[in-house]
Amino acid sequence: MPQFPRPLPQIDRDHAEWWAGLRRQELLVQECLRCRKQLFPPEPLCPHCHSPEMGWRRSSGIGKVYSWVIVRRPSHPWFADKVPYAVVVVEMQEGFRVVGSIDCPIEKLRDGLPVEAGFEDVDERVTLLRFRVAV
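If you're matching positions, the sequence shown starts at 631 in the working numbering and goes up one per residue.
Simulated from the structure, these hints should not be mistaken for laboratory data.
Straight-line C-alpha distance at most 30 Å; calculated BS3-like pairs for lysine-lysine:
1) Lys712 with Lys694
2) Lys667 with Lys694
3) Lys694 with Lys738
Here are the in silico distance ranges between beta carbons for each label pair:
4) Cys665 with Pro735: 35 to 43 Å
5) Pro674 with Asp711: 35 to 43 Å
6) Gln633 with Ser681: 40 to 48 Å
7) Asp751 with Cys679: 35 to 43 Å
8) Pro639 with Glu721: 19 to 27 Å
9) Arg687 with Asp751: 17 to 25 Å
Just so it is clear, CB atoms sit at the ideal spot from N, CA and C, and this is done for glycine as well.
From just these sequences and the hints, can you work out the full model?
Printed below as a string of structure tokens:
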């Protein structure tokens, strides 16, 4: 069977600081400097007050599983031997929600499961958010 490269995100201008934070093993959240709403995913304009004045703040990295989906069919050949796996939506302590993978057996996932941000260095430029169960 042929080897396929792992699909990686394309880092654009609007998301560059998010990815730079993950690279430093920091979970950042974009924040509107006018109305102070926190946004994920990052946006060039605040959807609440339409301000272009956006900043970044460091998150505690602590949250709870809000929802999840079990992926049973690979979306790309690289994932063929990785299924099934979970993708989670985590509500962070600060109130925003973020999507990531999780190091947790599927059968142990539950609403409200306490988690903390973890980081997976994929290559010299990409680090992915990978949650782990909080102890």
